[in-house]
Each structure stands twice: as C-alpha cells, then as structure tokens.
Amino acid sequence: MALQEREEGLVTPGDVLGKAAEVRAGKGAYEHSGLIYASITGRSLTVSPSAESPDQRPTLEVMGLKAHGAVPEPGSIVIARVTKVMSRMASVDIMCVGFKSVSEKFTGTIRQQDVRATEIDKVDMHLSFRPGDTVRAIVLSLGDARAYYLSTAKNELGVISAMSSAGETLVPISWTEMQCPLTGQIEQRKVAKVGS
Amino acid sequence: MEYVSPEGLRIDGRRPLEMRKLHAEMGVVAKADGSASFVMGNTKVIAAVYGPREVQNRSQQMSDQALVRCEYSMANFSTGDRMRKQKGDRRSTEISLVIRQTLEACILTHLMPRSQIDIYVQVLQADGGTRSACINAATLALADAAIPMRDIVTSCSAGYLNSTPLLDLNYVEDSAGGPDVTVGILPKMDKVTLLQMDSKLPIDIFENVMQLAIEGCKAVATYIQEILLENTKQLEYHRGV
Chain A
1 MALQEREEGL
11 VTPGDVLGKA
21 AEVRAGKGAY
31 EHSGLIYASI
41 TGRSLTVSPS
51 AESPDQRPTL
61 EVMGLKAHGA
71 VPEPGSIVIA
81 RVTKVMSRMA
91 SVDIMCVGFK
101 SVSEKFTGTI
111 RQQDVRATEI
121 DKVDMHLSFR
131 PGDTVRAIVL
141 SLGDARAYYL
151 STAKNELGVI
161 SAMSSAGETL
171 VPISWTEMQC
181 PLTGQIEQRK
191 VAKVGS
Chain F
1 MEYVSPEGLR
11 IDGRRPLEMR
21 KLHAEMGVVA
31 KADGSASFVM
41 GNTKVIAAVY
51 GPREVQNRSQ
61 QMSDQALVRC
71 EYSMANFSTG
81 DRMRKQKGDR
91 RSTEISLVIR
101 QTLEACILTH
111 LMPRSQIDIY
121 VQVLQADGGT
131 RSACINAATL
141 ALADAAIPMR
151 DIVTSCSAGY
161 LNSTPLLDLN
171 YVEDSAGGPD
181 VTVGILPKMD
191 KVTLLQMDSK
201 LPIDIFENVM
211 QLAIEGCKAV
221 ATYIQEILLE
231 NTKQLEYHRG
241 V
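Protein sequences, first through last, are from chains A and F.
In terms of the numbering used here, the first sequence opens at residue 1 and continues consecutively.
In terms of the numbering used here, the second sequence opens at residue 1 and continues consecutively.
Bound conformation, chain A alone (with noise of 0.2 Å):
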C-alpha cells in the first residue's frame, strides 16, 4: 500500500522489514515466508550479531514505546512481603521484580529448606519469618501453576524490614536476631546482611 513520508524509523505492525536471508527476527519482529515483518509500532533498529554465534545475520528489532510491567524470571532478584507462614513454607506476594514494580501481583512459596543454607531439616518457619515481612529473595524457578519458588539461602538474603509486636520498626543485631527499639525485645528472623 502507498506509504505518505514518514519518519526515518518508525514502523507499524505489518511494516516489511527486511528478508530472512539477510536478517533475523528479534524482538518486536517476526517472520513469514522469507520476509521480516514488525508486530508492534516503534523504532526499528538493527543488532549486529556477536564475534562468536554460528549465525552471523543482524538482528533487526522493534523498539516499542509502552513499558510492561516486570515479570519474575528465574535469578533475578525480589522484594516480597510474606502474607502466611506455615509449618514447611512461606507464602509472599512478589512487589518488585529487581528495580522495577510489577503492575499486578505474584505469588511466591519460600520452602523450608530454601530459607538458609546451613542445617536445612532443621529449619523452624516461625523463626525465620513472620506475616508482614519484608524480604529480598532470589527467584529459583517458575514453580507451580500457584506461585514462583523464591530462596533466601544467601547472606545478602532474608528479611530487610519487619515490624515489631509493638508496632515499632525492628533493628537486626546478627542473621538471626533484630531488636525493638521500644521495648528492647528479641525477635528471630533470617535477616539480610545489608551494606558492601
């Protein structure tokens, strides 16, 4: 179909991009019967390939405008809050996914022998975690059809924030104790080594 001017690089669904001879599909492209097209209106750009893979065609990507919301994948790093402790597990709901929020929410299941590398059958839930928890964990893999498996087995992993029986924000003294400050009182958590 005619095509009035247009900017230098912006492309609609349907666009041709280019032949699959020549380039490869990224993201934001697909392709059919030997030709590469755009499946979503944005910048196209082109990626060379890298020194080592077999395939030497550049990768020609849509660069799309609109930013989804974050999605846990395997390895990567999240804050949760747990919502229920129970005798072999911990249920949270996934917040942020690295730096960036998610827009709705995940369910992750922390198992008992996920919470600290050391003495793993002899893991007490209560006294790791309680409901409210704020906690950093790393995702182990995509779980269940209910919820991604999460670990805290790791010394810069565990609870980072937790509030006190009295209300009061508590401090850690070790990974396995923090402190009201109120009312002085010892509370056990698998706490998060924070700092370099």
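It is possible that part of the hints are untrue.
Straight-line Cα separation of at most 25 Å, BS3-like style, residue types lysine-lysine; simulated pairs [to be verified]:
| hint | chain 1 | residue 1 | chain 2 | residue 2 |
| --- | --- | --- | --- | --- |
| 1 | A | Lys66 | F | Lys233 |
| 2 | F | Lys188 | A | Lys19 |
| 3 | A | Lys27 | A | Lys66 |
| 4 | F | Lys188 | A | Lys27 |
| 5 | A | Lys66 | F | Lys191 |
| 6 | A | Lys66 | F | Lys188 |
| 7 | F | Lys191 | A | Lys19 |
Because the hints were derived from the structure by calculation, they are not lab data.
All of these numbers come straight from a predicted model, not from anything done at the bench.
Chain A is fixed; fit chain F onto it per the hints.
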C-alpha cells in the same frame, strides 16, 4: 424510498463511493493497557485492551498460546430509543464472536502462552457500521497496548441500494433491507480475514460491492497508520527521545 438521488447524492449528502469522516484517538482509557476511540461519521466506539495478563479461569488456560476474549456491548443511550438489554443478547454475542475471531487471527498468540488478552468494545453512538468501527477501534487499542500482531486489521461495510454500490452505510441505509457486506482485511498482507453479508446479492454484483468495501478498508488503513505514527512521535517527544 430513494436512497440515491438522480444527481448521485445519498441521504446525508455523500457520493456513493465516499466514506464518512474518520476520527481516532489512542490512550483514552488510562487504566487499560491499551485503548482507543474510533469515530466513523456519527458512529462512536471505544475499545479497551487488558493484557497479556494471568488467565482468570484456570480451566481455559492454553499452555502454548494466549487466550483472546472479547466483549461487545452497546450503551443504553447509543441508539435513538433507550435500550433495555445491551449485553448478552444474540446480536451482541454474535458480534463479540466475530470481533474475537478476526483479531485472534492476527495476534501472535504463540508468543504469550498461558496468558489472557481481554478486548472490551463499547458503542457510544450507533449510526450503522458499528461492527467495522469496533474492529478498527480494537486494532488501535491492541497497537496501543503493544501486543504483537501480524498486521493491523481494518474493516468497512458496503451495500447496494437503488442499483448503486454504496460505501460505508449509515443506519438509515442499513435498515433499508438491502444487502450489507462487511469486510475485514490485513492491508499490508492483502488478505481478507472477515467477510459477512446480510440479505442476497447476485454473484457479479457481490464482487463489485466486496471490492468497494476492500477499498474502504484500505482507506481506513491509511488513516490508522497515520494515527499510529503520530501517537508514536508524541510518545517519543514526551519521553525525550
């Protein structure tokens, strides 16, 4: 009744091959992932797209592609007399199905397995051609939501009254009882994805009327293309790119 005057003018003053004035806007529903309004003459339609998001009804989840759902409804005040039931009646269900099938064919559903895309279309003012306006609005809303598609889908209707093929029928011409051909195409691929007709037409005249509707679709496609590019330039400007 005379729908085309001897001078060649229709009831609303258009020529037989003339479309109604088009106007479209993107991003009209802030909460939706993508939205658009589409106006063809006096027919005004709003579309909102939510997705891809988690499937709400687990039993309908598909492990290899996205589930596309569509709901068409007409506002109470959209027609001359205030309507009582605007959703769930047979016509709305049929049009919802038609819009869903047309758009499902062009969305790259295999890229979003186990997720759901919801398309809601609401007619605010009905003056004929609501089906086409809804498909055009839904296409713009899907593009606004940056959902990957093969191509945009555009739609237009054409009819045959007083022995003249007429493009883009309004309500009065539609109610005349003559044939009403609705066509939906993928303009850049030059493929037809929707073809519906009411009433009867001899096959040779049908070919003429269908070609006319396809020309109308291509004109809509040119307009939608302009809107998409204008919207992208605005977004880039606001982001400081």
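Verification of the hints:
The straight-line distance between the Cα atoms of Lys66(A) and Lys233(F) is roughly 13 Å, inside the 25 Å bound, and the hint therefore holds. The suggested pairing of Lys188(F) with Lys19(A) holds, with an alpha-carbon distance near 16 Å, which does not exceed 25 Å. Distance check on the hinted pair: Lys27(A) and Lys66(A) sit about 14 Å apart at the alpha-carbon level, within 25 Å; holds. Taking the CA atoms of Lys188(F) and Lys27(A), the gap is near 20 Å; set against the 25 Å cutoff, the hint holds.
About 28 Å separates the Cα atoms of Lys66(A) and Lys191(F), which puts this hinted pair outside 25 Å; it is violated. A distance of roughly 23 Å separates the Cα atoms of Lys66(A) and Lys188(F); the hinted pair therefore holds under the 25 Å criterion. Note on Lys191(F) and Lys19(A): the hinted pairing holds, with a Cα-Cα distance of about 20 Å set against a maximum of 25 Å.
Hint 5 from the list above is the single one not met by this structure.
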